[in-house]
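> Here are the chains, one letter per residue:
Number of protein chains: 2
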Amino acid sequence: MNLNLIDKYQDTLHKAITALHKRTFFAYYPENPSSEIYGENADQEGREKYKTFLNNRFEELLQQEPVKWVGQEESPYEQQPLGVKYPYFEIETLINRAEEAFHQWRKVSASDRAALLVESLEHVRSRFFEIAYATMHTTGQAYMMSFQASGPHAADRALEAVAAGYEELGRFPEATEWEKPMGKYNLKLNKSWKAVPKGVALVIGCATFPTWNTVPGMFASLVTGNPVIIKPHPKAVLPIAIVIAEVQKVLAAHGLNPSICQLAVDADDHLITKELAEHTKVKLIDYTGSTEFGNYIESLKGKTVFTEKTGVNSIILDSMPDLDKVLQNLAFSLTLYSGQMCTAPQNFFVPETGVQVGGETVPYEQVVQKLADAVTGLVNNPKAGPHILGAIQNPATTERVKGAASVKGKEILSSCDFSNPIFANARTCTPVIYEVDATEKESYSRELFGPIALIIKTKDTNQSIEIAKEMALNYGAISCGAYTTDADVKEKIMDEMGLAATPVSFNLTGGLYVNQNASFSDFHVTGGNPAGNASFTNPEFVIKRFTWVGFREPVGS
Amino acid sequence: MNLNLIDKYQDTLHKAITALHKRTFFAYYPENPSSEIYGENADQEGREKYKTFLNNRFEELLQQEPVKWVGQEESPYEQQPLGVKYPYFEIETLINRAEEAFHQWRKVSASDRAALLVESLEHVRSRFFEIAYATMHTTGQAYMMSFQASGPHAADRALEAVAAGYEELGRFPEATEWEKPMGKYNLKLNKSWKAVPKGVALVIGCATFPTWNTVPGMFASLVTGNPVIIKPHPKAVLPIAIVIAEVQKVLAAHGLNPSICQLAVDADDHLITKELAEHTKVKLIDYTGSTEFGNYIESLKGKTVFTEKTGVNSIILDSMPDLDKVLQNLAFSLTLYSGQMCTAPQNFFVPETGVQVGGETVPYEQVVQKLADAVTGLVNNPKAGPHILGAIQNPATTERVKGAASVKGKEILSSCDFSNPIFANARTCTPVIYEVDATEKESYSRELFGPIALIIKTKDTNQSIEIAKEMALNYGAISCGAYTTDADVKEKIMDEMGLAATPVSFNLTGGLYVNQNASFSDFHVTGGNPAGNASFTNPEFVIKRFTWVGFREPVGS
Numbered sequence: 434m435n436l437n438l439i440d441k442y443q444d445t446l447h448k449a450i451t452a453l454h455k456r457t458f459f460a461y462y463p464e465n466p467s468s469e470i471y472g473e474n475a476d477q478e479g480r481e482k483y484k485t486f487l488n489n490r491f492e493e494l495l496q497q498e499p500v501k502w503v504g505q506e507e508s509p510y511e512q513q514p515l516g517v518k519y520p521y522f523e524i525e526t527l528i529n530r531a532e533e534a535f536h537q538w539r540k541v542s543a544s545d546r547a548a549l550l551v552e553s554l555e556h557v558r559s560r561f562f563e564i565a566y567a568t569m570h571t572t573g574q575a576y577m578m579s580f581q582a583s584g585p586h587a588a589d590r591a592l593e594a595v596a597a598g599y600e601e602l603g604r605f606p607e608a609t610e611w612e613k614p615m616g617k618y619n620l621k622l623n624k625s626w627k628a629v630p631k632g633v634a635l636v637i638g639c640a641t642f643p644t645w646n647t648v649p650g651m652f653a654s655l656v657t658g659n660p661v662i663i664k665p666h667p668k669a670v671l672p673i674a675i676v677i678a679e680v681q682k683v684l685a686a687h688g689l690n691p692s693i694c695q696l697a698v699d700a701d702d703h704l705i706t707k708e709l710a711e712h713t714k715v716k717l718i719d720y721t722g723s724t725e726f727g728n729y730i731e732s733l734k735g736k737t738v739f740t741e742k743t744g745v746n747s748i749i750l751d752s753m754p755d756l757d758k759v760l761q762n763l764a765f766s767l768t769l770y771s772g773q774m775c776t777a778p779q780n781f782f783v784p785e786t787g788v789q790v791g792g793e794t795v796p797y798e799q800v801v802q803k804l805a806d807a808v809t810g811l812v813n814n815p816k817a818g819p820h821i822l823g824a825i826q827n828p829a830t831t832e833r834v835k836g837a838a839s840v841k842g843k844e845i846l847s848s849c850d851f852s853n854p855i856f857a858n859a860r861t862c863t864p865v866i867y868e869v870d871a872t873e874k875e876s877y878s879r880e881l882f883g884p885i886a887l888i889i890k891t892k893d894t895n896q897s898i899e900i901a902k903e904m905a906l907n908y909g910a911i912s913c914g915a916y917t918t919d920a921d922v923k924e925k926i927m928d929e930m931g932l933a934a935t936p937v938s939f940n941l942t943g944g945l946y947v948n949q950n951a952s953f954s955d956f957h958v959t960g961g962n963p964a965g966n967a968s969f970t971n972p973e974f975v976i977k978r979f980t981w982v983g984f985r986e987p988v989g990s
Numbered sequence: 434m435n436l437n438l439i440d441k442y443q444d445t446l447h448k449a450i451t452a453l454h455k456r457t458f459f460a461y462y463p464e465n466p467s468s469e470i471y472g473e474n475a476d477q478e479g480r481e482k483y484k485t486f487l488n489n490r491f492e493e494l495l496q497q498e499p500v501k502w503v504g505q506e507e508s509p510y511e512q513q514p515l516g517v518k519y520p521y522f523e524i525e526t527l528i529n530r531a532e533e534a535f536h537q538w539r540k541v542s543a544s545d546r547a548a549l550l551v552e553s554l555e556h557v558r559s560r561f562f563e564i565a566y567a568t569m570h571t572t573g574q575a576y577m578m579s580f581q582a583s584g585p586h587a588a589d590r591a592l593e594a595v596a597a598g599y600e601e602l603g604r605f606p607e608a609t610e611w612e613k614p615m616g617k618y619n620l621k622l623n624k625s626w627k628a629v630p631k632g633v634a635l636v637i638g639c640a641t642f643p644t645w646n647t648v649p650g651m652f653a654s655l656v657t658g659n660p661v662i663i664k665p666h667p668k669a670v671l672p673i674a675i676v677i678a679e680v681q682k683v684l685a686a687h688g689l690n691p692s693i694c695q696l697a698v699d700a701d702d703h704l705i706t707k708e709l710a711e712h713t714k715v716k717l718i719d720y721t722g723s724t725e726f727g728n729y730i731e732s733l734k735g736k737t738v739f740t741e742k743t744g745v746n747s748i749i750l751d752s753m754p755d756l757d758k759v760l761q762n763l764a765f766s767l768t769l770y771s772g773q774m775c776t777a778p779q780n781f782f783v784p785e786t787g788v789q790v791g792g793e794t795v796p797y798e799q800v801v802q803k804l805a806d807a808v809t810g811l812v813n814n815p816k817a818g819p820h821i822l823g824a825i826q827n828p829a830t831t832e833r834v835k836g837a838a839s840v841k842g843k844e845i846l847s848s849c850d851f852s853n854p855i856f857a858n859a860r861t862c863t864p865v866i867y868e869v870d871a872t873e874k875e876s877y878s879r880e881l882f883g884p885i886a887l888i889i890k891t892k893d894t895n896q897s898i899e900i901a902k903e904m905a906l907n908y909g910a911i912s913c914g915a916y917t918t919d920a921d922v923k924e925k926i927m928d929e930m931g932l933a934a935t936p937v938s939f940n941l942t943g944g945l946y947v948n949q950n951a952s953f954s955d956f957h958v959t960g961g962n963p964a965g966n967a968s969f970t971n972p973e974f975v976i977k978r979f980t981w982v983g984f985r986e987p988v989g990s
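So the protein lines, in turn, are chains A and B. Be aware that the first sequence starts at 434, since it is given in the working numbering, and climbs by one per residue. Be aware that the second sequence starts at 434, since it is given in the working numbering, and climbs by one per residue.
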């Protein structure tokens, strides 16, 4: 099947592929929600559109004959149900529809698939503001993060996956003549190759980043010819449902089966993820979420699996020209979305002998107190605090923060109480900080998801590096921040954390944060430690979704 | 560390990378063992050198202080021990030496690693004839196959893996400046990336193709910076020991630790493979061999694994212009190395209504008898038979052939007796053929390794395709041959076998055989069905051996 759509999007794809190779700055979708870019009333209209979804059926999907309508989302800002209802289907219905769609989709040319997906993203662009409000009121992210992460940043990650897949699908020739000299004659074969997609793909979303963490796997499976079933977290469906609806509309507009991309929601009384994941027809799984469930997903036989689980992220403090700038930066990273980012730092390693600041030693105790002060200052700044903190997605996170007092260490900041000035009923919690000795390994050898920071007192920077590496190797790590003015220490950190497959951000201050990963430049999750086996978007992320199969025949036969 | 060796081999690597992309014919090492190419006395000298190894210690390895000297090889042609003894080491010694070497090898630049490996292959080239005799007398391959498969074809597959790895290692920039416009100012980061090797690699060899199946994983792990421990099959050590010795000499000549590439042999009284494979320090495993052990290897946690297991290869007979040419071709494929190639056909699907030959129907019974006659004719041709058949590597294979009489079907050819005119004591066996009805699925739903062919009587070609696909999906397949003059049937076979990730050779006659896979052009094993998860050499085969890790720092900090 050839729809000849590629011309329209060739330039966009070419730019995206070039960016992927150069790894210089590239963003296709503007992250600034300004009215000049997105239209004067875009925000207002998006907010109103979002409100129309509340306490209603989500009727936009091209998925017919649901068994029932279900929904269990609630706003962390209002602690009230959203009341949005989604169509629920039996597993076999979803799988059968995906299988049927597979045999159409796999025959659509790679360039048409890529073009259709870019077209879908262009449609999604017009819905960034609705998606932003849907994200706020499911994840608890603040407005700006909701817009950027679920809108332009997610769309860029999706475009990145489409570009990477499109490039790999064109890596080898469709056909070639193979001619082997045999002395007196030549043996000649016509050869051709097909990139055969693996089959039905499942994407399992998480509650904190419902589009950003879902679209890379979704678009990577789609561009490589696999039909996709998206099973979002039951508490964060709406943002990705809007994306799926737009993909389905573009498919249908081009005469294709919208079941190429389906939404699958959990029933109100039971979760369907395991049943879907274990289905023999499901060949590919993308998963974001807890380590425990991720390990189960990785253990399934006969599946190609991409996981992003959890990690224990470290900050190594050694030496710096300006301690205050460093601690302001770290306070922000810790406070941003109340520590609910997978890249948020948790373990802060500080030598008991203190840190070197412009040739002077600042004692350990002072570093600890200054970090606590920086966090308190940021949280209590009414112009910043609420907009950085957002709300807590899951009540279990608040419980975890309260339980953190059981850490065998000293309380530095222990009350997480906070009132959001706009949403009086918001579920909120500011960062808590505990001080732990390096010997109390049990306390810090696990992810404490949420706004929880542990300051770990080490003998020296060598021990800080050693433990940070050990944590990453044993429990995974998605980010690491390090502050040093010493070239040898920097080299050692790069070497040791590199062996633990953990990216390192050095000496970040000002507007650059360890939590942030840029599409087309930063690989997200390296795939090399227990934090997950996937990496957005390195070539493996797309290559594993299809198989090269060769065909050959003597010339002239 | 920069040894600046790349200039010398840049051209070779560039040619190899280009060939990998174009998939047109390319061979770097001549497959013709002629004296014009390899030197007047190369064969004679190789044979004599081989004899010096017999009943002696293999002293060429740069592996000091063995615990003892062991060896259990025996010649399938003479059914006598070779008496070659290899140094045996404790597992911990091998692992510790590999770990130590790792930290040197990973710091050698990718271009130097690639150059050192090409240099090693150039040294191996001077030993192709010794390796040929070593291969004959361990695997039972005939002379020509021993030379080609273990010498030039293996070296080409190794070069292919080095080229693929070298290309991937250079795919992303070492460093770049990332500059993000923020309106009034730009955020600037210096970014750099490292391809961090995964760690100690293990390569587990098989008894039938001791270099061809070992060098792709070995050279792929080495070029990507991982130290390698090669554990050959205890009955086929010498061919790969010579290769390892040459790699070690090149490493040592450049001041590098020869433990970057170690030979590990089983003790005479126990096998060490599991102990090595399960060692926590072993991160990468390449395996060729049985499905049962391969599944165990794939089940190991925390390892990146590449397997080539077994498959049930099919031939689909539908229509052709000349039946005799087809059956001569198939008789050769079946007889070659007595069916001990992983690409050898086993299940021959013939419709009960016969096949179409130039517009005429040739009845089923006649097709069956003609295939039997073609095999008998080839085997009994004294100029061809012994040189095609070779010898049987493993006594269990002979037993399996004898046991094949238990197949629920009709005997077509059942005696495998054969006398090799040169080696009176050779373990030999000619192909046996049984006829089985399509309903007797149990009989043909498994690999019958060795010279065993089953003719499966189907209702029609549609059923032939359906069962061939089912076999490939359930039990794996590495090759498929199909004969049809009907474009629709061809398209259907491509589509269905493509979905089973099985390459198909159409209408091969003359000097082209379904068993053969060409380096730089044919992917060997697709990785997409149970025959194995590896594919020589698609990008995944090298990418999974290292992790991209990024580092970033504000410009000017």
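Hints listed in this document are in silico derivations from the structure and should not be mistaken for laboratory results. Hints may be right or wrong, so weigh each one.
One copy or two, either will do: identical chains are not told apart, so a pair holds if it fits within one copy or between any two.
Said to hold, decoys possible - Listed next, the in silico BS3-like pairs over lysine-lysine satisfying Cα-Cα at most 25 Å (straight line):
1) K540 <-> K925
2) K734 <-> K501
3) K682 <-> K455
4) K668 <-> K484
5) K714 <-> K448
6) K734 <-> K613
7) K707 <-> K455
8) K707 <-> K484
9) K682 <-> K923
10) K803 <-> K448
11) K758 <-> K613
12) K455 <-> K668
13) K803 <-> K758
14) K484 <-> K627
15) K441 <-> K841
16) K843 <-> K714
17) K448 <-> K835
18) K892 <-> K874
19) K682 <-> K501
> For each hint, tell me whether it holds in the structure or not.
Structure-based check of all given hints:
no. : hint          : in the structure
1   : K540 <-> K925 : between (50 Å within a copy, 13 Å between copies)
2   : K734 <-> K501 : neither (32 Å within a copy, 41 Å between copies)
3   : K682 <-> K455 : neither (34 Å within a copy, 38 Å between copies)
4   : K668 <-> K484 : within (17 Å within a copy, 73 Å between copies)
5   : K714 <-> K448 : neither (36 Å within a copy, 41 Å between copies)
6   : K734 <-> K613 : neither (41 Å within a copy, 43 Å between copies)
7   : K707 <-> K455 : neither (39 Å within a copy, 43 Å between copies)
8   : K707 <-> K484 : neither (32 Å within a copy, 60 Å between copies)
9   : K682 <-> K923 : neither (51 Å within a copy, 35 Å between copies)
10  : K803 <-> K448 : neither (45 Å within a copy, 59 Å between copies)
11  : K758 <-> K613 : between (66 Å within a copy, 21 Å between copies)
12  : K455 <-> K668 : neither (38 Å within a copy, 49 Å between copies)
13  : K803 <-> K758 : within (11 Å within a copy, 86 Å between copies)
14  : K484 <-> K627 : neither (46 Å within a copy, 47 Å between copies)
15  : K441 <-> K841 : neither (60 Å within a copy, 60 Å between copies)
16  : K843 <-> K714 : neither (52 Å within a copy, 37 Å between copies)
17  : K448 <-> K835 : neither (48 Å within a copy, 63 Å between copies)
18  : K892 <-> K874 : within (14 Å within a copy, 68 Å between copies)
19  : K682 <-> K501 : within (22 Å within a copy, 71 Å between copies)
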